[in-house]
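Visitor: Sequence:
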Amino acid sequence: MTKVSFKVTVNGRTREATVPPRMLLSDFIRQELSLPGTHVGCEHGVCGSCNVIVDGQAVRSCLMFAVQVEGSEITTVEGLTQGDALHPIQQAFWEEHGLQCGFCTPGMLATAQELLAQNPDPTDDEIREAISGNLCRCTGYEFIISAIRSAAVKLREADTETTLQPV
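Using our numbering, the first residue of the sequence shown is number 98, and each one after it goes up by one.
Hints are computed from structural coordinates only; laboratory data are not their basis.
Heads up, a few of these hints could be off.
Unchecked claim - Beta-carbon label-pair distances, calculated as ranges:
no.: 1; residue 1: 140; residue 2: 118; range: 15 to 21 angstroms
no.: 2; residue 1: 153; residue 2: 229; range: 17 to 23 angstroms
no.: 3; residue 1: 255; residue 2: 104; range: 28 to 34 angstroms
no.: 4; residue 1: 178; residue 2: 111; range: 15 to 21 angstroms
no.: 5; residue 1: 246; residue 2: 167; range: 32 to 38 angstroms
no.: 6; residue 1: 137; residue 2: 113; range: 21 to 27 angstroms
no.: 7; residue 1: 131; residue 2: 235; range: 22 to 28 angstroms
no.: 8; residue 1: 165; residue 2: 230; range: 17 to 23 angstroms
no.: 9; residue 1: 234; residue 2: 179; range: 27 to 33 angstroms
In this text, a Cβ means the ideal position worked out from N, Cα and C, and glycines have one as well.
Please build the complete structure, drawing on both the sequences and the hints.
Guide: See below:
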C-alpha cells in the first residue's frame, strides 16, 4: 500500500509522518501521535466529539484525512493547557460543571475556542448556535453554556491584564 509523507504542527510541535492516504485525522492524532484526548464518537461528523482546531477553525477530525492537514497548525485538547495550568476555557468547564462523563468535552472545548477567538463576548444564543453541532448526552447543555460564558469573561480579563502590563 502506498503511503504519503507530510509535515504538520500539532500542539506547537512540528511532526513529520508517513501514513496511508486514507487515514483519518482522528486516527492519526490518536494512534500515530498517541494523543487520546480527541474522542471518536459517531465517525460520521454528526456528534462533534472529535473536533480539533486546524488553523484556527474547529473541524471534525473524523471527516478529514490526515494528509489534508499538510503544513497546518493543529491544537488538540492536550494542547490547550498552558504548562501545568488549565486553559481558561478548561478552567471554566471545570468550575461551572460543564462536563459530566467528559466524552463530548474535547470537541466542546475546540468549538468554544473557535467561538471565543472570533467573538470574545458572545450572547447565550450565539453560544447555543456555536455548540449546536456538538452532542452531549449528560449535561443538558446549560452548564456548558455557563462554562463558555465564564470562559469568555476569563479570556477578556486576561487580555485586559496583558494590555495593561508595562512594557
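Visitor: Check the following: the C-beta atoms of residue 246 and residue 167 are separated by a distance inside 32 to 38 angstroms.
Guide: 36 angstroms, holds
Visitor: Look at the Cβ atoms of residue 234 and residue 179 and judge whether their distance stays inside 27 to 33 angstroms.
Guide: Because 30 angstroms falls inside the window, the suggested range holds.
Visitor: 22 to 28 angstroms was suggested as the range; check whether the CB atoms of residue 131 and residue 235 agree with it.
Guide: 26 angstroms, holds
Visitor: Starting from the hint 17 to 23 angstroms, judge whether the C-beta atoms of residue 165 and residue 230 obey it.
Guide: 19 angstroms, holds
Visitor: Take a look at whether the Cβ-Cβ distance between residue 153 and residue 229 falls inside 17 to 23 angstroms.
Guide: At roughly 20 angstroms between Cβ atoms, residue 229 and residue 153 fall inside 17 to 23 angstroms, so the hint holds.
Visitor: Verify the CB-CB distance for residue 178 and residue 111 against the hinted window 15 to 21 angstroms.
Guide: 19 angstroms, holds
Visitor: Tell me if the beta carbons of residue 140 and residue 118 are separated by a distance inside 15 to 21 angstroms.
Guide: 18 angstroms, holds
Visitor: Quick check on a hinted range of 21 to 27 angstroms for residue 137 and residue 113, using CB atoms only.
Guide: With Cβ atoms ~24 angstroms apart, the hint holds.
Visitor: Would you say the C-beta atoms of residue 255 and residue 104 sit inside 28 to 34 angstroms of each other?
Guide: 31 angstroms, holds
Consistency note: the structure conflicts with none of the earlier hints.
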